[in-house]
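For reference, the chains in residue letters:
There are 6 protein chains.
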Amino acid sequence: MGTVPLLSDEEVSAEALAVFEEIRKVRQTDFINNFWRALAHDPELLRATWDRLKMVMAPGALDPLVKELIYVAVSTANGCEYCVHSHTAAAKAKGMTPEMHGELLAVIGMAAQTNALVTGLQTPVDESFRT
Amino acid sequence: MGTVPLLSDEEVSAEALAVFEEIRKVRQTDFINNFWRALAHDPELLRATWDRLKMVMAPGALDPLVKELIYVAVSTANGCEYCVHSHTAAAKAKGMTPEMHGELLAVIGMAAQTNALVTGLQTPVDESFRT
Amino acid sequence: MGTVPLLSDEEVSAEALAVFEEIRKVRQTDFINNFWRALAHDPELLRATWDRLKMVMAPGALDPLVKELIYVAVSTANGCEYCVHSHTAAAKAKGMTPEMHGELLAVIGMAAQTNALVTGLQTPVDESFRT
Amino acid sequence: MGTVPLLSDEEVSAEALAVFEEIRKVRQTDFINNFWRALAHDPELLRATWDRLKMVMAPGALDPLVKELIYVAVSTANGCEYCVHSHTAAAKAKGMTPEMHGELLAVIGMAAQTNALVTGLQTPVDESFRT
Amino acid sequence: MGTVPLLSDEEVSAEALAVFEEIRKVRQTDFINNFWRALAHDPELLRATWDRLKMVMAPGALDPLVKELIYVAVSTANGCEYCVHSHTAAAKAKGMTPEMHGELLAVIGMAAQTNALVTGLQTPVDESFRT
Amino acid sequence: MGTVPLLSDEEVSAEALAVFEEIRKVRQTDFINNFWRALAHDPELLRATWDRLKMVMAPGALDPLVKELIYVAVSTANGCEYCVHSHTAAAKAKGMTPEMHGELLAVIGMAAQTNALVTGLQTPVDESFRT
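Residue numbers (UniProt numbering), protein chains in the order written: chain A, 1 to 131; chain B, 1 to 131; chain C, 1 to 131; chain D, 1 to 131; chain E, 1 to 131; chain F, 1 to 131.
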């Protein structure tokens with residue numbers, strides 16, 4: 001249905017299967033979502049993407065839920081249907097309440113609106129905003 | 001420099017000046033940034049934008065810093081130079097540390113990358129992600 | 001300053017100069033804006049772009065001012081600084097008043113906002129909207 | 001099917017139902033499209049969005065059909081499937097003929113093309129275009 | 001299903017049918033894909049689009065497969081589902097191997113990531129990059 | 001001038017300086033462009049971005065010039081000024097001729113145009129394009 005077929009555990013290479021096993025271990029679930037099954041056509045790209053994602057989304061100065069909200073925001077601005085669905089689901093799993101979801105959407109919508117207004121106005125950046 | 005000139009306090013209408021005064025009061029500063037000075041050409045649009053922004057960015061289920069991070073993320077994905085500058089400055093003012101800024105950028109970059117990969121793969125949405 | 005230098009009348013090929021002359025005749029001005037001076041590096045692309053633009057923007061079922069408003073709207077949504085400036089100037093030259101400019105921006109901003117909300121909600125298209 | 005379920009009249013809050021009733025009255029139809037049924041999860045966001053949309057799209061210096069054409073243009077540039085469908089349907093309902101639709105698409109396509117060319121060329125903005 | 005119905009050979013105008021016949025001849029297949037069947041509602045737009053596409057995608061300084069890879073890259077960045085599918089299919093038909101597909105996606109993803117990082121950082125362009 | 005200052009060799013951490021030295025060695029030049037000097041504020045992000053970029057842009061099934069053309073195409077579609085400049089310069093350094101540049105721009109512009117037309121038409125994907 002995509003530009004490459006989704007690969008089952010039986011169809012992937014040993015390198016790809018090793019990534020699947022890591023995903024299962026880290027996420028504590030047997031479920032491997034379609035993104036990884038599509039990426040598995042290129043085990044090197046699968047490995048690099050997973051390794052980096054795991055690191056970027058780990059707890060740090062920002063907590064994992066805040067990172068998921070940011071991920072949903074970027075995915076929405078980029079119009080990525082799959083990513084909006086998968087990261088909204090992840091945010092809910094990490095504790096996003098309906099109230100937080102509503103506020104997230106309100107901020108995303110507000111930002112999209114003022115982004116468009118500023119671009120239409122071509123407002124010059126205030127000197128005080130520059131480092 | 002933009003598609004409309006920036007208006008000084010002396011040049012704006014009474015309705016626009018009233019909005020400027022509210023911005024000064026809420027933000028506890030005399031400074032009115034260029035976005036509002038450009039929008040002041042249309043007092044109704046200025047009023048509606050400010051009223052809504054004030055409400056959306058107020059503390060709620062999400063705290064104001066998290067809301068600013070989301071605003072920066074959307075503005076970056078939309079490629080809005082002015083908005084990236086103004087909301088990054090606002091996030092710093094609300095407590096964003098260099099470590100948080102670095103992680104924010106890392107999540108934005110990661111999301112942009114996987115958004116692009118999923119779109120190139122046209123991966124179908126997993127049934128389990130749909131409500 | 002761009003990725004190719006701007007070409008003066010003396011530097012362009014005969015084919016490109018012929019397009020410049022047509023632009024001057026149709027627009028009844030000597031002024032050739034930078035877009036054409038950059039495109040002139042590829043006379044075939046210059047010719048094809050001008051020929052098509054002239055046709056698309058001619059009076060038809062939609063009048064030229066409405067077409068310019070649509071052009072500004074698309075350019076704003078695409079974040080094209082040059083295009084926002086040049087087509088806003090063209091719209092003003094064709095009769096866009098400050099009131100119309102304000103309403104144009106309000107619609108662009110509103111559309112950007114609801115586009116983002118719908119994308120974040122992933123709302124399914126109503127059957128009645130499909131032809 | 002979206003990131004939140006669509007709510008029926010029976011499932012929404014009193015505040016949300018009041019907005020539904022206004023939509024029905026203004027549009028003179030019983031039909032409430034899915035966007036509003038999804039937004040109803042957050043009655044405050046629903047109210048704010050509807051109130052602003054009603055105002056922005058009302059007759060003014062630009063007529064309602066021109067506003068719908070601009071809405072379709074922005075929605076297309078932003079790649080919002082739902083919005084392209086809903087606002088194309090609204091434009092048809094307000095009098096957009098097949099000829100106007102064809103010209104709208106031609107302008108949108110032309111703008112997207114020259115936006116991309118200018119961005120690839122990084123053409124500097126002509127001084128004469130700046131206010 | 002789209003905003004206009006798809007037209008069969010029997011339903012299109014003589015001008016549109018002539019374009020269909022050219023597409024069949026150039027591509028050496030009877031198959032006319034949906035894009036052309038939708039565009040056929042506006043025979044002038046159909047003709048202009050086909051004439052230009054044929055020219056732009058012809059062998060030149062860049063070979064046709066490289067042009068298809070670029071087309072897929074732009075379509076992916078623009079989030080156009082139909083275009084990603086149709087041009088990925090075209091690239092495969094012109095010789096894109098699974099290894100090339102994987103590298104194409106990796107470059108698209110990398111570019112999307114660094115585009116976002118640069119935009120978030122608002123890095124000024126190095127003087128040496130300007131012509 | 002950006003959202004973080006550019007760091008000189010003297011100001012960066014030892015980890016960041018090590019990345020700078022690798023960039024100098026791989027590219028056989030002393031020049032470190034601003035992107036890396038901005039990223040150096042977050043040595044981990046600098047390291048991860050450089051390591052991945054080096055790998056993705058290395059010769060493989062696609063040659064390095066083709067990869068640069070794809071990078072320019074994505075950067076143009078995403079409207080990233082810095083990236084268009086830096087990767088156009090890189091493409092020229094790797095052998096992109098003015099003819100190739102003109103064709104690259106023509107394909108980018110054509111793709112942007114048909115992406116917009118398809119989105120406006122909401123054309124359903126042909127079954128034969130799906131894997």
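Since the hints were derived computationally from the structure, they do not count as laboratory data.
From a predicted model like this one, the values you see are computed outputs, not experimental measurements.
Treat each hint with caution, since some may be false.
One side only, chain E facing chain A, incomplete, derived with CB under 10 Å [said to hold, decoys possible]:
1) Leu105
2) Val125
3) Ser128
Label pairs and their calculated CB-CB ranges [what the hints assert, rightly or not]:
4) Lys54/F with Glu99/E: 44 to 50 Å
5) Arg27/F with Pro5/C: 22 to 28 Å
6) Ser13/C with Glu127/D: 49 to 55 Å
7) Lys54/C with Glu44/D: 15 to 21 Å
8) Thr29/C with Pro98/D: 32 to 38 Å
9) Pro5/F with Asp30/A: 43 to 49 Å
10) Ala14/A with Asp51/B: 27 to 33 Å
11) Ala58/B with Ala61/F: 51 to 57 Å
12) Ser13/A with Ala18/D: 54 to 60 Å
13) Glu15/D with Pro64/B: 48 to 54 Å
14) Ser13/C with Pro64/B: 56 to 62 Å
15) Pro98/A with Met55/F: 22 to 28 Å
16) Lys54/D with Glu127/B: 34 to 40 Å
17) Gln28/B with Lys54/D: 46 to 52 Å
Idealized CB from N, CA, C, for every residue including glycine.
Quick rundown of the hints versus the structure:
1. Residue-level restraint check for Leu105/E holds (minimum Cβ-Cβ distance to chain A is 7 Å; threshold 10 Å).
2. Residue-level restraint check for Val125/E is violated (minimum Cβ-Cβ distance to chain A is 15 Å; threshold 10 Å).
3. Residue-level restraint check for Ser128/E is violated (minimum Cβ-Cβ distance to chain A is 22 Å; threshold 10 Å).
4. Separation of Lys54/F from Glu99/E is about 19 Å and departs from the stated range, judged on CB atoms against 44 to 50 Å.
5. Checked against the hint of 22 to 28 Å, the C-beta distance between Arg27/F and Pro5/C comes to roughly 25 Å, which is consistent with it.
6. A hinted range of 49 to 55 Å is violated for the C-beta pair Ser13/C and Glu127/D, which are about 26 Å apart.
7. Distance hint check: the CB atoms of Lys54/C and Glu44/D are about 49 Å apart, inconsistent with the given range 15 to 21 Å.
8. One distance hint, 32 to 38 Å for the beta-carbon pair Thr29/C and Pro98/D, holds here, with the actual separation near 35 Å.
9. Pro5/F and Asp30/A have their C-beta atoms about 48 Å apart, which keeps the hinted 43 to 49 Å range intact.
10. Distance hint check for Ala14/A and Asp51/B: the Cβ-Cβ separation is about 59 Å, which falls outside the suggested range of 27 to 33 Å.
11. Taking 51 to 57 Å as the suggested C-beta distance range, the pair Ala58/B and Ala61/F conforms, at roughly 53 Å.
12. With their beta carbons about 58 Å apart, Ser13/A and Ala18/D fall inside the hinted range of 54 to 60 Å.
13. Between Glu15/D and Pro64/B the Cβ separation comes to about 25 Å, which falls outside the hinted range of 48 to 54 Å.
14. For the pair Ser13/C and Pro64/B, the beta carbons lie near 58 Å from each other, so the given range of 56 to 62 Å is met.
15. Between Pro98/A and Met55/F the CB atoms are about 42 Å apart, so this pair departs from the stated range of 22 to 28 Å.
16. At about 37 Å, the beta-carbon gap between Lys54/D and Glu127/B stays in the expected band of 34 to 40 Å.
17. Checked against the hint of 46 to 52 Å, the C-beta distance between Gln28/B and Lys54/D comes to roughly 34 Å, which is inconsistent with it.
The structure fails hints 2, 3, 4, 6, 7, 10, 13, 15 and 17 (numbered hints given earlier, in ascending order).
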